[in-house]
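Undergrad: Given the coordinates of chain A, work out where chain B should sit on it, guided by the hints.
The chain contents come next:
There are 2 protein chains.
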Amino acid sequence: MTASSETLTLAKEARRGARALAASSLSERNQILSRYAQLLEENADRIFAANAEDMAAESDENLLKRLKFDQSKLQDVLSGLKALIAMADPLSRVDLRTKLDTGLVLERVSCAIGVLAVIFEARPDALPQIAALSIKSGNAALLKGGKEASRTNQVLFDLLKESLGTFADCFHLLSGREAVEALLKARGDVDLIIPRGSGSLVSYIQSNTQIPVLGHAEGVCHIFIDAGADAAKSLDVVLDAKVSYPAACNAVETLLVHEDFEHGHLQSIFERLLAEKVELRVCPELMNRFAGTELSGKLVKAQPSDFGTEFSARILACKQVCSLDEAIDHINKYGSGHTDAILTGNDDHWRRFFSLVDSAGVYRNCSTRFADGFRYGFGAEVGISTGRLPPRGPVGLDGLLTYKYRLSGDGHTTAVYGHSKKFLHENLLSDRFEREWQL
Amino acid sequence: MTASSETLTLAKEARRGARALAASSLSERNQILSRYAQLLEENADRIFAANAEDMAAESDENLLKRLKFDQSKLQDVLSGLKALIAMADPLSRVDLRTKLDTGLVLERVSCAIGVLAVIFEARPDALPQIAALSIKSGNAALLKGGKEASRTNQVLFDLLKESLGTFADCFHLLSGREAVEALLKARGDVDLIIPRGSGSLVSYIQSNTQIPVLGHAEGVCHIFIDAGADAAKSLDVVLDAKVSYPAACNAVETLLVHEDFEHGHLQSIFERLLAEKVELRVCPELMNRFAGTELSGKLVKAQPSDFGTEFSARILACKQVCSLDEAIDHINKYGSGHTDAILTGNDDHWRRFFSLVDSAGVYRNCSTRFADGFRYGFGAEVGISTGRLPPRGPVGLDGLLTYKYRLSGDGHTTAVYGHSKKFLHENLLSDRFEREWQL
Numbered sequence: 001m002t003a004s005s006e007t008l009t010l011a012k013e014a015r016r017g018a019r020a021l022a023a024s025s026l027s028e029r030n031q032i033l034s035r036y037a038q039l040l041e042e043n044a045d046r047i048f049a050a051n052a053e054d055m056a057a058e059s060d061e062n063l064l065k066r067l068k069f070d071q072s073k074l075q076d077v078l079s080g081l082k083a084l085i086a087m088a089d090p091l092s093r094v095d096l097r098t099k100l101d102t103g104l105v106l107e108r109v110s111c112a113i114g115v116l117a118v119i120f121e122a123r124p125d126a127l128p129q130i131a132a133l134s135i136k137s138g139n140a141a142l143l144k145g146g147k148e149a150s151r152t153n154q155v156l157f158d159l160l161k162e163s164l165g166t167f168a169d170c171f172h173l174l175s176g177r178e179a180v181e182a183l184l185k186a187r188g189d190v191d192l193i194i195p196r197g198s199g200s201l202v203s204y205i206q207s208n209t210q211i212p213v214l215g216h217a218e219g220v221c222h223i224f225i226d227a228g229a230d231a232a233k234s235l236d237v238v239l240d241a242k243v244s245y246p247a248a249c250n251a252v253e254t255l256l257v258h259e260d261f262e263h264g265h266l267q268s269i270f271e272r273l274l275a276e277k278v279e280l281r282v283c284p285e286l287m288n289r290f291a292g293t294e295l296s297g298k299l300v301k302a303q304p305s306d307f308g309t310e311f312s313a314r315i316l317a318c319k320q321v322c323s324l325d326e327a328i329d330h331i332n333k334y335g336s337g338h339t340d341a342i343l344t345g346n347d348d349h350w351r352r353f354f355s356l357v358d359s360a361g362v363y364r365n366c367s368t369r370f371a372d373g374f375r376y377g378f379g380a381e382v383g384i385s386t387g388r389l390p391p392r393g394p395v396g397l398d399g400l401l402t403y404k405y406r407l408s409g410d411g412h413t414t415a416v417y418g419h420s421k422k423f424l425h426e427n428l429l430s431d432r433f434e435r436e437w438q439l
Numbered sequence: 001m002t003a004s005s006e007t008l009t010l011a012k013e014a015r016r017g018a019r020a021l022a023a024s025s026l027s028e029r030n031q032i033l034s035r036y037a038q039l040l041e042e043n044a045d046r047i048f049a050a051n052a053e054d055m056a057a058e059s060d061e062n063l064l065k066r067l068k069f070d071q072s073k074l075q076d077v078l079s080g081l082k083a084l085i086a087m088a089d090p091l092s093r094v095d096l097r098t099k100l101d102t103g104l105v106l107e108r109v110s111c112a113i114g115v116l117a118v119i120f121e122a123r124p125d126a127l128p129q130i131a132a133l134s135i136k137s138g139n140a141a142l143l144k145g146g147k148e149a150s151r152t153n154q155v156l157f158d159l160l161k162e163s164l165g166t167f168a169d170c171f172h173l174l175s176g177r178e179a180v181e182a183l184l185k186a187r188g189d190v191d192l193i194i195p196r197g198s199g200s201l202v203s204y205i206q207s208n209t210q211i212p213v214l215g216h217a218e219g220v221c222h223i224f225i226d227a228g229a230d231a232a233k234s235l236d237v238v239l240d241a242k243v244s245y246p247a248a249c250n251a252v253e254t255l256l257v258h259e260d261f262e263h264g265h266l267q268s269i270f271e272r273l274l275a276e277k278v279e280l281r282v283c284p285e286l287m288n289r290f291a292g293t294e295l296s297g298k299l300v301k302a303q304p305s306d307f308g309t310e311f312s313a314r315i316l317a318c319k320q321v322c323s324l325d326e327a328i329d330h331i332n333k334y335g336s337g338h339t340d341a342i343l344t345g346n347d348d349h350w351r352r353f354f355s356l357v358d359s360a361g362v363y364r365n366c367s368t369r370f371a372d373g374f375r376y377g378f379g380a381e382v383g384i385s386t387g388r389l390p391p392r393g394p395v396g397l398d399g400l401l402t403y404k405y406r407l408s409g410d411g412h413t414t415a416v417y418g419h420s421k422k423f424l425h426e427n428l429l430s431d432r433f434e435r436e437w438q439l
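Sequence lines, in order, name chains A and B. Going by my numbering, the first sequence opens with residue 1, and the numbers climb by one from there. Going by my numbering, the second sequence opens with residue 1, and the numbers climb by one from there.
Chain A on its own, in the form it takes in the complex:
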């Protein structure tokens, strides 16, 4: 258990260390990652032994699955590290360079945020993953592990410390509720909190801190099947979105169906979902539509609260709508701003859907389950954010960056600018990113 006062001391230590890490070269940061990969590989048995102890102390079967750290999880971690090492330097990217006046040049350059606080639940593989992302992006981090994984986490963290060399001050492992409470109040010492766990954890953290939080409490994803949607593709997409991993935040929770979508096609989709053991909670209109048919006894009457609920299970709320706009309004009212899809052949319809649905991800004719940093090509994922402000949606390495403005002059003062002397404001950037000092 880490006491409040110790947590704050470690946060301040991380803050001091963070400045050196943020100013380190790409090769220094990559060397840490290489050393860490090597140490993890060399100490695999030690990690597995600690994990066996954690597993032996646990009885909850769902938890055991997430707690497990075996050869396959280790390989995933190692290939993640390898991929990160291969990535270009996210720091020192110049994305704005403006000549304000002769000899006066403004640049905006990417830099590390500073000190992250990452709060994990059971999965121990999250520790090396998030530590590696922090290192690559030049950020220090306070890592608060779940108590179920404490022995595994301790070994993974000891190896991290060993690979950090002179940057050892940048990372600390915390434990216990008191540490979390201290982190939530550590405004000024902690710049960003990343909760990696259940919706209730994220929700608690968001409601109890004024530090920015990266994460989302809920994923209530929708699919709207438009009147003329392709039947076979709609079936494939809905099935994938519901049953390929029902506990995922990007799984579909509510199906909206246009009243003119062909009855037989809808019946096939419902039959297939039922065959996959998905409970269908349907609105009164759909209940009526299937009244007296074979399906009727297999459908459950939806309660109002089913719309907007993240079931994280083989349950799907279903509602018939009269129009595209009714679907859009429903999604904006009941959705969580995560990812929502339209299945349609009508170009005007998906464009209207894309414009008017407020979510971080708006999709057409594909599964909501594509909402994922790896699938988006970001290499790794810090988390998914359903807030309105950036970073939004699946967040990769870029979500751990900020920028600063650098202004370089030769004795320039402001008072001379006015009606006689004007700023030039000449854009000096041609490429998207440049990396060299050109001030």
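In short, the hints are calculated from the structure, not lab data. Don't take each hint at face value.
Calculated cross-link-like contacts (lysine-lysine; reagent style BS3-like; alpha-carbon spacing at most 27 Å) [what the hints assert, rightly or not]: (1) Lys65/A - Lys333/B; (2) Lys422/A - Lys99/A; (3) Lys333/A - Lys12/B; (4) Lys333/B - Lys185/A; (5) Lys422/B - Lys82/A.
TA: Below, chain B alone, put in the same frame as chain A:
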């Protein structure tokens, strides 16, 4: 006075209106801005008359200066509107386009945030400025004006309403403390709060809401004069940073001087500052250095609390340091993350300063007063943010934008990807921004 319940009703109305404004064309938004400019010009006398009533009811001289809305202020507002109309569309910019697989294309596209809440103090010219920025960026806004400017604000707002046409629901004028309290609690209805006023207003708002806040409570800017800094340029820069507008947030509040900076040059700087009626609050080392000289009686002994204080007045805290790193540490400890400058001829020194100082703006050999959206070439400024996360520093139109991901497929599902089927992740973007639908 706007009651809590009414504030929430108006926020929800703005939310509904916001979607249409976000989906509107550039020409629709520019037409609103043109109509507003025309109405402001045609109704100048009505505005000035309302302003005269506000002025007559006020006695505080400082407030009167900010409250004044005359022909010159109107011209500034009109040229701001003209400049905004001329700017390219900030919406629908695609800055990421990746082919995930054949027929499956991901795009990231800029979009409006939604509903802003802008809380003003006395200056009525802030209302048309921020309303215009909101319109151009497709955002709805709840505008809470200061009571001193209520008559002027009402006229400015009535003209805005008139120019909005079918988008009238997007903007509402609120008043009174109860409205502010309701806004702070309107998470879900309000996406971003922008306080335009004193540090204490911003600070209060930041501490009492979980909605993101754009703004900064303090501007404690530093200038560090390095050992070999140019004497004449240092004098110019320090003077400009302190006396050109002492109440500005980007004015310098603390001067750090390397112990090896030539005594005679420092003496000249001090003499000039004293001649400009700047009170110099100096550390014991500097007090000793000038003991027995003509200056000695004119220097004030600094209190520890002077370092880190935003004086917003003709007062400058001065401290001698032994090294570059002592200066950097002092700034990171006492600064507010706004803007800090080094005056030096040494390339290694400013690079180290740029790397290690945590502030939104790091400058060399120029005045801290350049930290301003207009001076940076952003056209207009929403505010300056001293937080770590983007948007940071002076924030222009871009600070009122977010993005969404659009994914377009042809019945694509996720379960098929794995060891056999791989993602392509092919970057389809050559230019920085493209605007056409190319899905």
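Undergrad: Hey, lysine 65/A versus lysine 333/B, does the alpha-carbon distance stay inside 27 Å?
TA: violated (45 Å)
Undergrad: Does the structure keep lysine 422/B and lysine 82/A at a Cα separation of 27 Å or less?
TA: holds (18 Å)
Undergrad: Is the Cα-Cα distance between lysine 333/A and lysine 12/B 27 Å or less?
TA: holds (11 Å)
Undergrad: Going straight from one Cα to the other, do lysine 422/A and lysine 99/A come out at no more than 27 Å?
TA: holds (12 Å)
Undergrad: Holds or violated: lysine 333/B with lysine 185/A, Cα cutoff 27 Å?
TA: holds (19 Å)
The structure fails hint 1 only (numbered hints given earlier).
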